[in-house]
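Chemist: Could you put the whole structure together from the sequences, leaning on the hints where they help?
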Amino acid sequence: MARPSGPPRESPLSVQAVPVTSGRAPEGLTAADRKRMLRVMLLSRALDERGMTLQRQGRIGFYVPVEGQEGAQVGCAVALDPKDWLCPGYRETAVALSRGIPLRQLLSQLYGDRADLCQGRQMPNHFAFREFRFVSASSPIGTQIPHAVGLALAARLKGEKVVSVAFFGDGATSSNDFHSGMNFAGVYRAPVIFFCQNNQWAISLPRSKQTRSETLAQKAEAYGFSGLQVDGNDVEAVYAAVKEARARAIAGGGPTLIEAVTYRMGPHTTSDDPRRYRSAEELALWKSRDPVERLKETLVREHALTEEEFDQFLEAARAEVAAAIQEVEPLPPPDPGTLFDDVFARRTPQLEEQRAAFLAELPGSGGRKE
Amino acid sequence: MTELTLIQGVNQALREAMKADPDVVLLGEDIGVNGGVFRATEGLLKEFGEDRVMDTPLNESGIVGTAVGMALYGLKPVAEIQFLDFIYPAFDQIVSELAKLRYRSGGQFPCHVVLRAPYGGGIKGGLYHSQSTEQLFASIPGLKVVVPSTPADAKGLLLSSIFDEDPVLFLEPKRIYRSLPGEVPDGDHRVPLGTARVAREGSDVSVFAYGAMVPVAQQACQGLDAQGIHAELIDLRSLVPLDEAALLRSVEKTGRAVIVHEAPRFCGYGAEIAALLAEKALYSLKAPVVRVTGYDTPFPYALEHLYLPSVDRVSRAIERTVRAA
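Chains as they are written, first to last, in the numbering used here: chain L, 1 to 370; chain U, 1001 to 1325.
By construction, these hints were calculated from the structure, which means they are not laboratory data.
Errors might be hidden in some of the hints.
What the hints assert, rightly or not - Here are the simulated lysine-lysine pairs, DSS-like style, with alpha carbons at most 30 Å apart:
hint, chain 1, residue 1, chain 2, residue 2
1, L, K243, L, K219
2, L, K83, U, K1019
3, U, K1019, L, K158
4, L, K158, U, K1046
5, L, K161, U, K1046
Unchecked claim - With the Cβ distance kept under 8 Å, some of the chain L side facing chain U (calculated, not the full set):
hint, residue
6, A128
7, S136
8, L157
9, A345
Virtual Cβ for every residue (Gly too), placed ideally from N, Cα, C.
Modeler: Here it is as structure tokens:
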């Protein structure tokens, strides 16, 4: 892994020239493990394919694709303990899948249906899964970063040997809460990992205009802890980096900022057209570094995977997504009365009154007005 | 019962809560070694250690964001914002995260944080140590807003806030932190949130106030007794949720209402009360509702005594209402 003090780079694209691993194969990651990782990456990609289409067809309202960042996300998630806390942004679908969150639950969130654990209250991809310690994502950028610090400090106070991970992108490194979280974590030596997926673009703003810093990883230095840059499209390198950061945190060595250099191959969301701000050549270059293809090639080269097997995996992933969509799509939207739940632990008298009036005025309620 | 100041009531509530529950942790600027700039956390670092009484870097968003994370884990963090005037860097955390986590996660991630913040004028604090901006927070669904006006309520409401299940902004009227001591019940004294207090019974007019305006209104009401005007004073105590029933009960009895707050008038909390009375008590009203408030200016320094509602201004407003009909 290149330390932030590595050789100067001319542009974000040249980062791939930086040596990213020590050359050692990550310990404890067998071919079978990597095949499982590949399948999760393919599942995420299959969900992206359908998610984009479902939005275009008007069947869901919005979609945030992961495409291109699967290696970074799965590499990171697999290196963690299931008890570690995750503070995601809204582009962490492959992290969720990697943690074993059922596809059906993700789809219910995308549809905002009655089975959605969030009761259809958020835009698609803003997941929350308490049972999996996958904290509720919001749309403001960077706000989850101090949450990870608080979770890590709380766990330490209670004597639980876990870490928390804040997921965010290159854009978030300019946010107020990046500074807040990084500084608090440094001061308290919190067992936290700041996992930055530098996907080169914050909607239309390139990484080069986000900060004058040579790397994002070097920002850790000012906060008094380690930062490192890793090839985010190399799932094994990411895994190794996160393993190391996790071990350091658990041992009391404090936080780590990991800059996983990757690329958002798709649009920011279904509302975005990246052709307005980036070239076809750039996209083609990064498609040649596709993390899925890379892992596949490695496994094929090691004779751990055949082309036929890969095709089967991809078909299986697509079939799984299709089956889950079929299962979820008929589900009705949340019950209208739930609109007033979970504002507080219990509805206030004001909310009770509004709820009663709302229900009385609903079509089909008999039209009784106050 | 012990006679305490309001700030001592706060201190006692924090100590009681920390003794009762190891999950209660404090964080904020200067709250540890220094015991807080107002001494709200005096002695607590020594008693509970730096893991539970955390001096933080000077960054309100970091304080609230970290507290949110702790609450997500299951702790009961109580964060001090040194002055309400300095809370704005944390506004995003409060509005976008703290107040919405339970809702947006379908109840999976309740986020119970108490934010304590001294607020209000009358201490020669100028623009940035005096403001009352409770209305900004009262308008955010998912956040409770509580304001004590007596030492006993400071303790009782704070203990209830700490052991509540929802995020609470606990506003402390710093002007009366020390000036008006009162009897405070010992031990685990709790005052339920969402209940107003009848500070003084009367039949001619209802006066609604909270925080440091309660003693001002109290004095005004007392002064009018001699003129045969018997004012009822309601201390709201909880702006969210509001004890509507108590307000309506009082106005149905008196037929007149005067609302007193330090914050500017336009879109102030008093507007909500006036609207409530217009919607639900119009036929009980004998006279127009009157508001006595700060002016629609930034908070002044040299002229703060003229800006803040005074006993005199409140008295005149009450008289005007009663004489109107």
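Chemist: Take the hints in turn and mark each one as holding or not.
Modeler: To see whether the hints hold, each was checked on the structure:
Of the pairs offered as hints, the one joining K243 (chain L) and K219 (chain L) holds, with about 21 Å between alpha carbons and a cut-off of 30 Å not exceeded. Between K83 (chain L) and K1019 (chain U) the CA atoms are separated by roughly 29 Å; this keeps the pair inside 30 Å, and the hint holds. A hinted pair counts as satisfied when its Cα atoms are at most 30 Å apart, and K1019 (chain U) with K158 (chain L) qualifies at roughly 16 Å. For the hint pairing K158 (chain L) with K1046 (chain U), the CA-to-CA distance comes to about 20 Å; that is within 30 Å, so the pair holds.
Between the alpha carbons of K161 (chain L) and K1046 (chain U) the distance comes to roughly 27 Å, so the proposed pair stays at or under 30 Å and holds. For A128 (chain L), the suggested interface contact is upheld, since its CB lies about 4 Å from the closest CB of chain U, less than 8 Å. Hint status for S136 (chain L) relative to chain U: holds, with the closest Cβ pair at about 4 Å, below 8 Å. The beta carbon of L157 (chain L) comes within 6 Å of a beta carbon in chain U, closer than 8 Å, and the hint placing it at the interface holds.
At its closest, the beta carbon of A345 (chain L) sits 4 Å from a beta carbon of chain U; the interface hint therefore holds under the 8 Å criterion.
Violated hints: none; the structure is consistent with every hint.
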